[in-house]
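From first to last, the protein sequence lines are chains A and B. All residue numbers for the first sequence refer to numbering that gives the first Met the number 0, where the first residue is 0 and numbers rise by one. All residue numbers for the second sequence refer to numbering that gives the first Met the number 0, where the first residue is 0 and numbers rise by one.
Bear in mind the hints are in silico, worked out from the structure with no lab data behind them. Think of the CB as a built atom: it goes at the ideal place given N, C-alpha and C, for glycine as much as any other residue. Incorrect hints may appear among the rest.
To be verified - Residues from chain B that keep clear of chain A, each with C-beta distances beyond 12 Å, as calculated:
id : residue
1  : Ala23
2  : Asp112
3  : Pro144
Said to hold, decoys possible - Residues of chain B clear of chain A, computed beta-carbon distances all greater than 12 Å:
id : residue
4  : Ile22
5  : Tyr36
6  : Thr48
7  : Ala81
8  : Ser92
9  : Leu98
10 : Thr101
11 : Ile103
12 : Ala109
13 : Asp204
Said to hold, decoys possible - Under the rule of at most 16 Å between Cα atoms (straight-line distance), these lysine to aspartate or glutamate pairs were calculated in the EDC-like manner:
id : chain 1 : residue 1 : chain 2 : residue 2
14 : A       : Lys200    : A       : Glu122
15 : A       : Lys8      : B       : Glu5
16 : A       : Lys82     : B       : Asp52
17 : A       : Lys66     : B       : Glu202
18 : A       : Lys82     : B       : Asp203
19 : A       : Lys72     : B       : Asp217
20 : A       : Lys202    : A       : Glu174
21 : A       : Lys68     : B       : Glu5
22 : B       : Lys59     : A       : Glu64
23 : A       : Lys72     : B       : Asp85
24 : A       : Lys66     : B       : Asp60
25 : A       : Lys190    : A       : Asp151
26 : A       : Lys81     : B       : Glu69
27 : A       : Lys200    : A       : Glu160
28 : A       : Lys21     : A       : Glu11
29 : A       : Lys200    : A       : Asp138
30 : A       : Lys200    : A       : Glu174
31 : A       : Lys200    : A       : Asp151
32 : A       : Lys202    : A       : Asp138
33 : A       : Lys202    : A       : Asp151
34 : A       : Lys72     : B       : Asp60
35 : A       : Lys72     : B       : Asp204
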Amino acid sequence: MSLRVNLIKEPEQRSGSSLNAKSITRIASIVMPVALALLIAQQALSSFMLSSQLSILESQWFAVEPKQKQAIKQTARLNFNKKTLEELDGWPAARLDWNQNLAAIMQAVPDTIQLTSLRVILEAPPANARPAVGSLSRDYQLSLDGVTRVPDSMQVVQALEANLRRHPILHPLIETVTVANFAADDASDDKSSRVFTIQCKFKSPPHKEMR
Amino acid sequence: MIRLPENPADRKKAIAAMAVGGIALLYVAFTFGIQPYRASLHTRRARVTELEDQIWRAQKDLSSTGRINEQNNAIVAQILAASEQDRHILRPSLGNYLLVATDIINRAVAGLDLQIEAINELPRPVPPPPKKSETGPASTNRFSPYTVNLSITGGIHNLARFLQHLESDNPYITVTRLVVMEQAAENPELQFISLHLQWPIWEDDEHPQRLQAERIADEESQ
């Protein structure tokens, strides 16, 4: 049985390895401050570069900001003026040329019919109502009252109805044509005399291409 | 060089004190050094990104300025032509629209066998409250209708010619009501006519002057 005796006091004991605690401490005392210094230098450099980039961008922004404000103002003005022009263009787009329509109605009326009244009204919205912002809507309704004193008065009135519907000027504008009234003419002694009312509803605008 | 105490118990105490000191130092460095530094770095980076984005947007806006100016000038020219040059938008004479409308009607009826019995102004509609807009100024109509009622005696063919004069001269003038009635059975060519004629007028009468002023200012700045 072998006996191992260590006579070196514990504080005086040394490790056999070349990497002892003292050398590690010595290396660390040099490497750590150097690494820390490098890290701080790198951070300081990146911070300086960031600050200088920020400063360049700030000066660029100060130069460009008033111009951009002016450009935004100009765009707002353009949009406002565009809406003004759109609203203005809504007027001819919603218009019916009644000189042409009257001429067309006259052409459509057979010789055997005498018109007693012609009424053109705006169906909706009411005459003094204002259109919605930026849009204009005019829905016309035409009402024709007349009298005919021929034996085949029904055919004559139907011919007028058909003429109105087929007339090349009126056809694209008219939505419906109806004979609202066809009756004996009480005011006339002529027994073949008939009074009638024809109503036409015009299509809602726009009828024309806007600018 | 600091020497640690020889006594193991004292050495442990010294190491513990150094560890506590080290941790306290790290805490102080982190709280008052690293953390504010990182926050400042983050703020500056965010500002750089924001500025880059703003400058990019600004350059984009600026690149379209020329095109926008051209478009705006063309639109303003069209509006001013309709309003000030051609007078298609009814413009008042010393605040009076009826006088101007009467002149236009009299010019259109000249040479026609139509008798204008009366020209009356119709009450103007009350402007609606402006619509609130989130992105721009309150949305309102720029134009309002101005309507006159004409009482005419004459034939329907002459009426068609009268309307042709008016409608071909002004694309904005509109017939909003028309009643043609036989006056007497003996003379079917003579009718009583009631006619509503409508023009657009500026909601804000000074708007065309402002447009002109803007146009002049734009021309001077270019």
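The hints, checked one at a time:
no. : hint                   : in the structure
1   : Ala23                  : holds, 18 Å
2   : Asp112                 : holds, 16 Å
3   : Pro144                 : violated, 7 Å
4   : Ile22                  : holds, 16 Å
5   : Tyr36                  : violated, 7 Å
6   : Thr48                  : violated, 10 Å
7   : Ala81                  : violated, 6 Å
8   : Ser92                  : holds, 21 Å
9   : Leu98                  : holds, 22 Å
10  : Thr101                 : holds, 20 Å
11  : Ile103                 : holds, 15 Å
12  : Ala109                 : holds, 16 Å
13  : Asp204                 : holds, 14 Å
14  : A:Lys200 with A:Glu122 : holds, 9 Å
15  : A:Lys8 with B:Glu5     : holds, 12 Å
16  : A:Lys82 with B:Asp52   : violated, 30 Å
17  : A:Lys66 with B:Glu202  : violated, 32 Å
18  : A:Lys82 with B:Asp203  : holds, 15 Å
19  : A:Lys72 with B:Asp217  : holds, 13 Å
20  : A:Lys202 with A:Glu174 : holds, 5 Å
21  : A:Lys68 with B:Glu5    : violated, 76 Å
22  : B:Lys59 with A:Glu64   : holds, 12 Å
23  : A:Lys72 with B:Asp85   : violated, 29 Å
24  : A:Lys66 with B:Asp60   : holds, 9 Å
25  : A:Lys190 with A:Asp151 : holds, 12 Å
26  : A:Lys81 with B:Glu69   : holds, 13 Å
27  : A:Lys200 with A:Glu160 : holds, 12 Å
28  : A:Lys21 with A:Glu11   : holds, 14 Å
29  : A:Lys200 with A:Asp138 : holds, 8 Å
30  : A:Lys200 with A:Glu174 : holds, 5 Å
31  : A:Lys200 with A:Asp151 : violated, 26 Å
32  : A:Lys202 with A:Asp138 : holds, 7 Å
33  : A:Lys202 with A:Asp151 : violated, 31 Å
34  : A:Lys72 with B:Asp60   : holds, 11 Å
35  : A:Lys72 with B:Asp204  : violated, 23 Å
Against the hints set out earlier in the document, violations occur for numbers 3, 5, 6, 7, 16, 17, 21, 23, 31, 33, 35.
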